[in-house]
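From just these sequences and the hints, can you work out the full model?
One line per chain: the protein sequences are E and A, in this order. Per our numbering: the first sequence = residues 124 to 219. Per our numbering: the second sequence = residues 124 to 219.
It is worth saying that the hints were derived from the structure and are not from the lab. Among the hints, erroneous ones may be present.
Copies of the same chain look alike in the list, so a pair counts if it works inside one copy or between any two.
To be verified - Pairs of lysine-lysine residues, derived as DSBU-like cross-links and limited to a Cα-Cα distance of at most 35 angstroms, are as follows:
hint: 1; residue 1: Lys160; residue 2: Lys134
hint: 2; residue 1: Lys179; residue 2: Lys134
hint: 3; residue 1: Lys160; residue 2: Lys140
hint: 4; residue 1: Lys179; residue 2: Lys140
There are 2 protein chains.
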Amino acid sequence: MSADLASCRTKIDAIDKELLRLMNERQRITLDVVRAKRETGLPVLDQGREEALLSKLAQINPGPLSQEGIRRIWLAIMAESRIYQALSAAPMEEHR
Amino acid sequence: MSADLASCRTKIDAIDKELLRLMNERQRITLDVVRAKRETGLPVLDQGREEALLSKLAQINPGPLSQEGIRRIWLAIMAESRIYQALSAAPMEEHR
Numbered sequence: 124m125s126a127d128l129a130s131c132r133t134k135i136d137a138i139d140k141e142l143l144r145l146m147n148e149r150q151r152i153t154l155d156v157v158r159a160k161r162e163t164g165l166p167v168l169d170q171g172r173e174e175a176l177l178s179k180l181a182q183i184n185p186g187p188l189s190q191e192g193i194r195r196i197w198l199a200i201m202a203e204s205r206i207y208q209a210l211s212a213a214p215m216e217e218h219r
Numbered sequence: 124m125s126a127d128l129a130s131c132r133t134k135i136d137a138i139d140k141e142l143l144r145l146m147n148e149r150q151r152i153t154l155d156v157v158r159a160k161r162e163t164g165l166p167v168l169d170q171g172r173e174e175a176l177l178s179k180l181a182q183i184n185p186g187p188l189s190q191e192g193i194r195r196i197w198l199a200i201m202a203e204s205r206i207y208q209a210l211s212a213a214p215m216e217e218h219r
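In C-alpha cells, the structure reads:
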C-alpha cells in the first residue's frame, strides 16, 4: 500500500470513530426527545420536524456531499432513531 | 414546546452540524484514495476494505446504536462515496 493510501485510510478511520461517537450520542438524545414528548402529550413521530431538519442541513451543506446524498444518509440515521424509540417504548411504559 | 424538548433539539442540531462537517471531509478524502489507488494501479472498489471497516466499527461501537444500524448507516455513507468517485472519474482522467 502506498504511503498516500495508508495516510488517507488513517484519516478516514479517525473520522469514522468520531462519526460513531456522535451518532451514538444522537441516538441517546432521541430517547430524551420521546420522554419530553410524552410528558407534554406530543406525538412521537414528527415528519414536519424531520423535513425541516433535512432542509436546514441542505442549506448549510458546504459540499462535496450532494444534497441528495445528505438526504439519503440522514434518512438512514433517522430510521435508526425510530427503531430505537420503538424498541425502547415497552420498558418505558412499564416504568410509569 | 417544552424546555426539555427544545434543549434536545438544540443538542441534535449541533451534533448534525458536526456530522455534516465530518462527512464532507470524509467525502473529500475518498477522492484522494482514488488518486492514490490509480497511481499504484490498485482497483478503486475494495469490498474487503469496506467489510473490514464495518467489522472494526462494530467492534468499537459503544451503543446504543445497534450493529445492524451502524451497518445500514455506513452502507449509505459508503454508497455516497462511490457515487462521488464515479462522478469525479471523468474530469480526473482528462487532467492526466
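Hint by hint, which ones does the structure fall short of? Violated hints: none; all satisfied.
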